[in-house]
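The two chains are supplied separately, each in an independent frame; assemble them into the complex guided by the hints.
Going down the list, the protein sequences come from chains A and B.
Under full-length UniProt numbering, the first residue of the first sequence carries the number 1, and numbering increases by one thereafter.
Under full-length UniProt numbering, the first residue of the second sequence carries the number 1, and numbering increases by one thereafter.
Keep in mind the hints are simulated off the structure, nothing from the lab.
Note that the structure is predicted; figures quoted are calculated from it, not measured.
Fair warning: there could be bad hints in the mix.
[As the list claims (entries may be wrong)] From the structure, some residues in chain A lie toward chain B, with a derived Cβ separation under 8 angstroms:
# : residue
1 : LYS61
2 : PRO87
3 : ARG90
4 : PHE95
5 : PHE99
[Claimed, not checked] No farther apart than 20 angstroms at their CA atoms in a straight line, the calculated lysine to any residue pairs in the SDA-like style are these:
#  : chain 1 : residue 1 : chain 2 : residue 2
6  : B       : LYS53     : A       : LEU141
7  : A       : LYS25     : A       : MET199
8  : B       : LYS63     : A       : LEU83
9  : B       : LYS63     : A       : ARG90
10 : A       : LYS52     : B       : TRP107
11 : A       : LYS3      : B       : TYR91
Just so it is clear, CB atoms sit at the ideal spot from N, CA and C, and this is done for glycine as well.
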Amino acid sequence: MGKVKVIGATTSLFCTRIEWALKLKGVEYEYIKEDLRNKSPLLLKYNPVHKKVPVLVHDDKAIPESLVILEYIDETWKEYPLLPQDPYERAMVRFWARFADDKRWSSSSFTQCVFGAWGACRAEGEEKEKAIQSAKESLALIENQINGKKFFGGEQIGFLDLVIGWMCRWLEVMEKVGGMKLLDPQRFPVLYEWAQNFMEVPVISECMPPREYLVNYFQASLSYLSSLSANKQ
Amino acid sequence: MANSDVRLLGASASPYVNRAQIALNVKSIDYEFIAENLFAKSELLLKSNPVHKKVPVLIHGDKPICESLVIVQYIDEVFTNGPSILPSDPYERATARFWAAYLDDKWFPLIKELRTAQGEEAKASLIEKIVEGLVLLEEVFVKGGKGKAFFGGDSIGFLDLALGSFLGLLKVGEIIAEVKLLTETKTPELLGWAERFSSNDVVKGVILEPEKLIEILKSFQAARAKAAASN
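Pulled out of the complex, with its shape left as it was, chain B reads as follows (with noise of 0.2 angstroms):
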């Protein structure tokens, strides 16, 4: 039975939702998932949160938290029990934030532009970014991972997560683009990190296939054409 002092607004195919779905799992949280529909916003999301209208919100009995990273990391400082998601050392800390952040700010638009890129020089130009953006990572693996399963060693941690949200998106623009994105040539470590991710528990059944997805974002783009259509 879902505990109703948790509760997630959230759309399925939102890497972003995902990453609170997943910490929620982590920490093996009962919540009620309440599905928007990202054209008609509910009430409550628009009263959760005002500022920027936006899934994920997590609400904690009444009180509402919002920002995928923001709501992670208050996830892991209220429930206590139960693995942790951010490093115990700063210095460590520091790193997952610090890549977390490049990844939302500079690394995740670039998947989104390869999705709608016109012309073979432009999807080179984004291909050649965004693999230089995995092999970074793919050497924050290896350098930070002390040959483990995860960033966060054992167990899924903040960078699993802000990473691994991705990777349902990640094959869509694979299909998309017909081009393989994390390969063995350059990053062997996180292919095998991406199938260890989301075949784990924790994971399994949040993150959509790649079809599911690629079929709920036509319909966004139908929804958004008929929106302007309209006006």
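Same shape as in the complex, but just chain A (with noise of 0.2 angstroms):
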């Protein structure tokens, strides 16, 4: 149908859902593997506005931003479909799939999954410990949205389930690199079985990058950003 290629980096969560996406629809694409510190001209030329992985490009037409990739993804190949067929469910997706990347801070709701958990992972202290609070209350609302099914899109792999999927590999480089413990198996004993069935997946595990090259990266990441804040004072 058309050549695809997507570019990426491997420490990208937001990069791996859309390969995991390709993969169970059966798509061949070419991988270019970005240098995120000295990003190539082709990632400029193709993600102008925000010079971020990662950008689709389906026959020369560039797709920035994972959340619409994967609609793209979803609507162009139709084998193995993601988003559900009703308009109700798919605004339930869709809604939770806005408040899993959201990266807004707002007064009147706490920060959300991704970025509370790497929120959580370089705060210190008292503020630390409010960032664990709320991430974990992000995390129990997530796993609400399980409800008694294999994964969030059913007995299937869904969406969600692509979005999410960040969890069973990120959250706990993240737990080890700043020294915490979200996903406990205790309070979230389905997001915990969910993670488990989500890895089971060959598509899903293949994708994933190796967990100490992960903590390597984070933790290089965090110290640079503390030097940074110490330089500051």
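The following block contains the structure:
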């Protein structure tokens, strides 16, 4: 149907979800590895606005932003549908995907999943305790969406599974690097079981970057950020 | 007579609420508008949007849907009579979604900051970034528009809604900062588009006039100060 390229970086959880979607649909693609500390002219050409990975390039049409890419993939390749058919269920999936990825901070809702976990990782002292609490609240809300099913998508993996899937590798990495426990199996048995089921799917586990590799990367990022703020004082 | 099957919890000053209103108008859906006091939120709002406790919330039958762009897509998918809001081509849909996310995540926060910015340097820097964003949208309009009236073509579409809903507050920013943000020199096509959007039947009466918005924003400020003082 036309050449597909993914411009990505192995450390980026936003990129892995794109690979999962393409593999589940049996779409062949070329993976172009970016060095995020030294961005290529190709990346800057295909994502001039944000200059970030992932970017999907299909027949020379560039699509950035992972949630936008996932919807595009689902609409273009009909095998293994990711979004449900029913409009209300689709709205729910889109709502929770936005919740899980949300970078906005507002006084009436707490810091959301991905960045909540990273925020908790980086914070110290009382701030850290608050951030951990807030991240756990997000996890509880997400866990409720499984609602007796095997996956968020039902019997099969769906859109929201791919959006939340980073938890099966990146979360424990952030826990290790940040010296904290977020996904406690006692407190979140349903989410924990979901994670085991998710990782058992071959396409999923084969795309996961190795744990140690990520630990080193995030450890280095954390040190770098700490040194930046130390230098500011 | 309002159709009680479709209710919209909202506040007229909110561009996010305006998006839902315009989308319902595009589909000619009768609905009941339930005005919320954002400083004394109703039980219905708190029950329908427990996660964010924000407007807009669309309640269709007994199903609540939250987040303005999620609501707009739901409206487009459920009410299939009437013009489509999202384009049919997947790449054009992706483009519309990308720019809507850009507006919400990167661009509109600048408009909010401009209202309270202190100092000429801070203001100038914000103005520059806001205009840069508008120039990007101008390019999108010119490249994708094919000489049509709206981003969506002949009728108002997803990206029109996403950007157009901010026009009221954009004008407020222009008044407060005493500067034109949409200009003949940098964004001539968008100027024309803004005029067509604002005067379109599905938009008329939805987005409040800048003077009214300024009044409402002042009352929000006062309410916030009161709440903070009593804590």
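Here is how each hint holds up against the structure:
1. LYS61: holds (5 angstroms)
2. PRO87: OK, holds: PRO87(A) within 8 angstroms of chain B, min 4 angstroms.
3. ARG90: Since chain B brings a Cβ to about 7 angstroms from ARG90(A), closer than 8 angstroms, the hint holds.
4. PHE95: OK, holds: PHE95(A) within 8 angstroms of chain B, min 5 angstroms.
5. PHE99: holds (7 angstroms)
6. LYS53(B) - LEU141(A): With Cα atoms ~14 angstroms apart, LYS53(B) and LEU141(A) stay inside 20 angstroms; holds.
7. LYS25(A) - MET199(A): Holds: LYS25(A) and MET199(A) sit about 18 angstroms apart, inside 20 angstroms.
8. LYS63(B) - LEU83(A): With a Cα-Cα distance of about 19 angstroms, the restraint between LYS63(B) and LEU83(A) holds, given a limit of 20 angstroms.
9. LYS63(B) - ARG90(A): holds (13 angstroms)
10. LYS52(A) - TRP107(B): holds (17 angstroms)
11. LYS3(A) - TYR91(B): Judged against 20 angstroms, a Cα distance of about 15 angstroms means the pair holds.
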